[in-house]
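Enquirer: As a plain string of letters, each chain reads:
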Amino acid sequence: MAQSINDTQEELIAEFDLFEDWADKYEYLIDLGKKLPAMSEEWKTEENVIKGCQSRVWLHAEREGELVHFLADSEAVIVKGLISMLIRVLSGHTASEILAADLYFIDRIGMSQHLAQTRSNGLLAMVKQMKNYALAFSAQQ
Amino acid sequence: MGSLMDISKIRADFPVLDQQVNGSPLIYFDNAATTQKPKTVIDALSHYYQFDNANIHRGLHTLAERATTAYELTRTKVRDFLHAPSSDQIIFTSGTTAGINLVAQTFGRSTFKAGDKILISNLEHHSNIVPWQMIAQETGAIIEVIPVDETGVLDLAAFEKQLDSRVKLVAVNHVSNAIGTINPIAKIISLAHAKGAKVLIDGAQSVAHIEIDVQALDMDFFVFSAHKLFGPTGVGILYGKRELLDAMPPYQGGGEMIKEVSFSGTTYNELPYKFEAGTPNIADVIAFGAAIDYVKSYGTGELMKQEQALLAYATDKLASIPGLRIVGTAPDKIAVISYVVEGIHPQDLGVLLDKFGVAIRTGHHCAQPLMQRYGLVGTCRVSFAFYNTTEEIDRFMVALERSIRMLG
Ligand SMILES: Cc1ncc(COP(=O)(O)O)c(C=O)c1O
Chain A
65 MAQSINDTQE ELIAEFDLFE DWADKYEYLI DLGKKLPAMS EEWKTEENVI KGCQSRVWLH
125 AEREGELVHF LADSEAVIVK GLISMLIRVL SGHTASEILA ADLYFIDRIG MSQHLAQTRS
185 NGLLAMVKQM KNYALAFSAQ Q
Chain B
208 MGSLMDISKI RADFPVLDQQ VNGSPLIYFD NAATTQKPKT VIDALSHYYQ FDNANIHRGL
268 HTLAERATTA YELTRTKVRD FLHAPSSDQI IFTSGTTAGI NLVAQTFGRS TFKAGDKILI
328 SNLEHHSNIV PWQMIAQETG AIIEVIPVDE TGVLDLAAFE KQLDSRVKLV AVNHVSNAIG
388 TINPIAKIIS LAHAKGAKVL IDGAQSVAHI EIDVQALDMD FFVFSAHKLF GPTGVGILYG
448 KRELLDAMPP YQGGGEMIKE VSFSGTTYNE LPYKFEAGTP NIADVIAFGA AIDYVKSYGT
508 GELMKQEQAL LAYATDKLAS IPGLRIVGTA PDKIAVISYV VEGIHPQDLG VLLDKFGVAI
568 RTGHHCAQPL MQRYGLVGTC RVSFAFYNTT EEIDRFMVAL ERSIRMLG
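In order, the protein sequence lines correspond to chains A and B. Following my numbering, the numbering of the first sequence begins with 65 at its first residue and continues without gaps. Following my numbering, the numbering of the second sequence begins with 208 at its first residue and continues without gaps.
Pulled out of the complex, with its shape left as it was, chain A reads as follows:
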């Protein structure tokens, strides 16, 4: 049994708590971005591009039984870091868990500025798209 969405959020909050200044947090975020496994080119389709981002962001979802798995990539490494956290929190959960998730960790680790519409780095759009996938999968059930 995988750990709950909120357990992972708490884990991330604890990790970011280790850093005192924003630069260290961003270095960690950039590191997460660099470590995000490359997405295979076959998923980098026009269809999988999330609109409204300054850099291109691709998101793909697959179902394995009840569970939803996400794959994502971006041209920008900070965006990749943000995606990698979203994947860590949401991937491997059921559609209904994903739909119900309250992603409070973003604010708690000091990244809420990336949720602003004007940032156009698509964190908001990414979360929405992940939930859309979950919604589509749950409708199929």
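Treat the hints as calculated values from the structure; they're not laboratory data. Any given hint could be a false lead.
Said to hold, decoys possible - Computed spacing ranges between beta-carbons, pair by pair: (1) 215/B / 84/A: 30 to 38 angstroms; (2) 115/A / 368/B: 37 to 45 angstroms; (3) 523/B / 176/A: 36 to 44 angstroms; (4) 523/B / 126/A: 49 to 57 angstroms.
In this text, all values refer to a predicted model and were calculated from it rather than measured experimentally. Every residue gets a Cβ at the ideal spot worked out from N, C-alpha and C, and that includes glycine.
Fit chain B with the ligand to the supplied structure of chain A, relying on the hints for placement.
Expert: Relative to chain A, chain B with the ligand alone:
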């Protein structure tokens, strides 16, 4: 910097500059997007609402009189600023975009026929592309693009070949917002006129830096936005030659733009009101007058001198960063530097610089065809105003080098 300007006094005129952003003193290097406003402009805006607010041109009462006088005074100031022959050729719009659309929808619609050509350049902002595409689609006119070379200079030889009797309009910017090139508009205008074509100059990026004389340049149309000239948002200017403006049909219908209305027919007001339907942006127009006064107190040339020194200083510093390439190296540039860093997405640099309190612009700068020309997804762009300093550039360089290390 060898200038007579007292920079600390100037900075004190711009209250917004004096603040901390993300724990560091704000460094505002996004002046090509919009300039900051001097206190006199902010005061004029609040003075108007506190003491003079009234609708203009219609009322007989004292406040209406005061508001109308102040509003029309800005028109005269703009006339003088552009060296235009008369103030009724100065039309208030909401911005550059609105001015271009006005010309496209009136001059364009009444003049263009199927097969006519509209020449625009590869350097244009989307607002000097899309309005022409829209009217071209409606009228059957054809758009041709004046090419730009690797350094960001327009290919005038190609332009001369493109100019033939089918060209009805040439629409180019005076200065490129994305890479800073100053285009040889005097040459472009005289070449176009020799072939009987009219010219629209998008002055959004030039008015704050280059002295404009619409008569000396024999301009047909000149458009710009007040917010890039230290004035408020929501105000723009369209200057046009009288015979062109007179011949153009009205744009939008409504109040202000009419002489008489009846159900059997309506007669239109004369210039400039023919193109100013509805209650205009009175407060911002009045405050724009204060911006022009402010700029005139120094003189555009003086501001440009200060900025050119910053441009040279920053270009030098940036060139020393390994892997950094400046996009747009035309010999004549305003203080705009677009650059890319090998292996780093512009957006990442923009995010980190903001954390250091530095405001720059990243992305395609509303000039996607130019980005496509250079095979780029976007660039980082710094753009200076005369209130910026070499100390700010030094601090920006430290932040930039640190950001590159973090991302590298
Ligand atoms: C060259 C150029 N043209 C047009 C515009 C559009 O101006 P506005 O958005 O004020 O209408 C801009 C603004 O960025 C510009 O730089």
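Enquirer: If a hint holds in the structure, say so; if it does not, say that too.
Expert: Outcome of the hint check:
no.	hint	verdict
1	215/B / 84/A: 30 to 38 angstroms	34 angstroms, holds
2	115/A / 368/B: 37 to 45 angstroms	39 angstroms, holds
3	523/B / 176/A: 36 to 44 angstroms	38 angstroms, holds
4	523/B / 126/A: 49 to 57 angstroms	52 angstroms, holds
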